[in-house]
Amino acid sequence: MIAEIGHFVLVMAFGVALVQAFIPLWALYRGQSYGRDLAKRAAQLQVILLAISFAALTYGFLRSDFSLLIVYANSHEAKPWIYKFAGVWGNHEGSMLLWTLILAAYGAFFAQRAVALPDRFATMVLVVQGWLGSAFLAFLLFTSNPFARLLPAPFAGRGLTPILQDPALAAHPPLLYAGYVGFSMSFAFAIAVLTTDQPSRDWAKWMRPWILAAWIFLTLGIALGSFWAYYELGWGGFWFWDPVENASLMPWLSGTALLHSALVAERRDTLKRWTLLLAILTFSLSLAGTFLVRSGVLTSVHAFANDPERGIFILAILALFTGGALALYGRYLPRLSEDRSFAPVSREGLLLANNIFLAAATMTVFIGTIYPLVLDALDLGKISVGAPYFNTVFGPLTLPFIILLPLGPLLTWQAGRLIAPLNALLIAALASLLLVLGLWITQAGVPLIALLLIGGAVWLSLGALADLAQRLRPYGWQLVRQPWRLPATAFSAPLAHAGLAIMIIGVIAASMWQSETVVAAKAGETMEVAGRQLRFDGVREVEGPNYQAEQGQISYLSGPHQGKVLLPERRFYQAERGQTTEAAITSDISGHLYAVIGEAVAEKRVLRLWFHPLVALIWIGALLMALGGGFALRARMSKTGQGAA
Amino acid sequence: MIGLKRIFVTLAMALGLTFGLTFAAHAIAPGEALNDPQLETRARALSAELRCLVCQNQSIDDSDADLARDLRQLVRGRLQAGETDDEIRTAVVARYGEFVLFRPQFGGHTFLLWMTPLIILLLGGFWAHRLLRNPPSKPVE
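Read top to bottom, the protein sequences are chains A and B.
Everything in the first sequence is counted per my numbering, starting at 1 for the first residue and increasing by one.
Everything in the second sequence is counted per my numbering, starting at 1 for the first residue and increasing by one.
No wet-lab data here; the hints were simulated from the structure.
Fair warning: there could be bad hints in the mix.
Said to hold, decoys possible - Listed next, the in silico EDC-like pairs over lysine to aspartate or glutamate satisfying Cα-Cα at most 20 Å (straight line):
1) A/K522 - B/E32
2) A/K564 - A/E525
3) A/K604 - B/D64
With the rest of the complex left out, here is chain A (with noise of 0.2 Å):
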């Protein structure tokens, strides 16, 4: 019955969509004045009717109504309840729901706050969120009904794979599609630019908040994915360059640069058709990656929906919003004003770099993962692009990146001198080179490109540091008496910055000094790894809340960690009939040591262990990225009315 009720509210939200889509633009061709207030009425309705539905999904999950397809599918009785939950977006239909719901609360959020903005522009962007609420409602119900039924239903469910039995995992999904589905705003705010005759010369002022929102959901949506398969998948690998990882890149990348050019769009009056030809095309990566996700044309570990009818559906939605707004932006870019010109040496000139940059990186990625579809479909051989590719690529793509980053938030607009940035930079130069030099010299064996990587990660981040103190120095005294009270700009980018600098060295430092042991040990045989004296204790069997686990133990002999022990486990999980490898790791100052048991080999046991050096700067500069735009946003806020917008 509850599941019914779910059913017919999100054909109700289909027509309501439907309504929002149509109407109010009659309402607008018309001249009407009803357009706005209805638009305002159907996105809120919108979002009441689909969180209806989804609550009536999840108490499917939580009562484990194997009646229900997908429950049955997904779903096992024995679950703790949290993956229960959880498993209401572990698959398809549910995960698309969640994808809807959350466009939909988008919506309803901008009708809610965007009372200063005019009400033409107001409108086309919830007509066009309406457009794509319709087209997702239409897809959902048509291809992926999340309430179809199973009749009879079965006793037992067939269980949520058990990798994705995981806090982590239970909380990526959410925050990726808040991410994906946040560029649906901009996308939005593209359209209503290009089909508005002169538009106001505020819209990348309004946009700017949304593309942080969507910008930080995704930051911190793939970083929680990243760290969940460091620890999860039982070797500590942190990216794979997988298909479906690459998927959520592409629109990371090329939000990224759309953050900057809308900065440069708002501030200086240029750069606008690239700007709206950047929102439009990062939505359409977000959609592209859910094509690719969710049609099963890649086969990757991520693959777990395979089901042509769907791809097909959803490529002509992408094709359908892509191309209409491709079409939009050619016919209506003539209306918007000259992009007023600039030196090559100023903000505009490093913020044009930074984007082209990213760019060529966004396209990297893309053709990296479709150029063995596309070289098969023509029929011209099978090959595989994998991480060696992409590491070669994004090498020398990056270094040139964050060599020229530090200057542009150190010149002035329009046309700046370098002598400034030079001389504030001048000792993080040094400092850079040197380390760079003190590298080589005592590191045989690691590649001249990681180096200099970790030497422009350096001068990044000293460069960060100088942007912070050029920012604060106005303040003064007030840094000390009332630190609360500064301008939450000012720690914006050099946050995000110093976030990417440590981020680099993080990834440099555990891809290029890990250490790995392989060993069978029996009970009580001590080892050494990086330093660390480790005795294997031996192995016992622990029950879990709907798994049996092996449980080894492993113990620190000396060093601060004495007396600590390591338990990784193997879970086994009956009603899925999988299994897991939990690892264990212990964190200190200079990294991760991990550990992993594996088979038994006779009365032996083998254990991997690695040591990941400086692993941690990965994921804690994400977050130091994602608090970066936190601080723009918050000013953001404060200052444009989108505070009321």
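Guided by the hints, dock chain B onto chain A, whose structure is given.
Same frame as chain A, but now just chain B:
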């Protein structure tokens, strides 16, 4: 020959769909590593570039599938026999097809793959040059 390769790859991918999903990925087993640290470093670097054909997007260095283990042993055997990295790559490609390489060789069919980043940078530079044609004279605060 090409036809045979294709059939093998298709078979391997079909198998991958059934066996690759175990996710249990553990690099090399005890005793597999070579005693010579320099050779072993080369072995690891090579292994990371070779695809485990029955897995989903895993290198032979990351996979515990039998095929991956065989290939790791083949790589190490040839290293001990004194072959260069390129000779080993060529030998593996001759047996399994180019699909086995995670970093495709540069050639006509991979021209766009390798050149795209450069092309975008050049296009970007050209675009920037046009945008900056008339730089203004005085700086603005």
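For each hint, the structure was consulted:
Restraint check: the Cα-Cα separation between A/K522 and B/E32 comes to about 18 Å, which is no more than 20 Å; the hinted pair holds. For a cut-off of 20 Å, the pair hint linking A/K564 to A/E525 stands: about 17 Å separates their Cα positions. A distance of roughly 18 Å separates the Cα atoms of A/K604 and B/D64; the hinted pair therefore holds under the 20 Å criterion.
Comparing the model with each numbered hint stated earlier shows that all of them hold.
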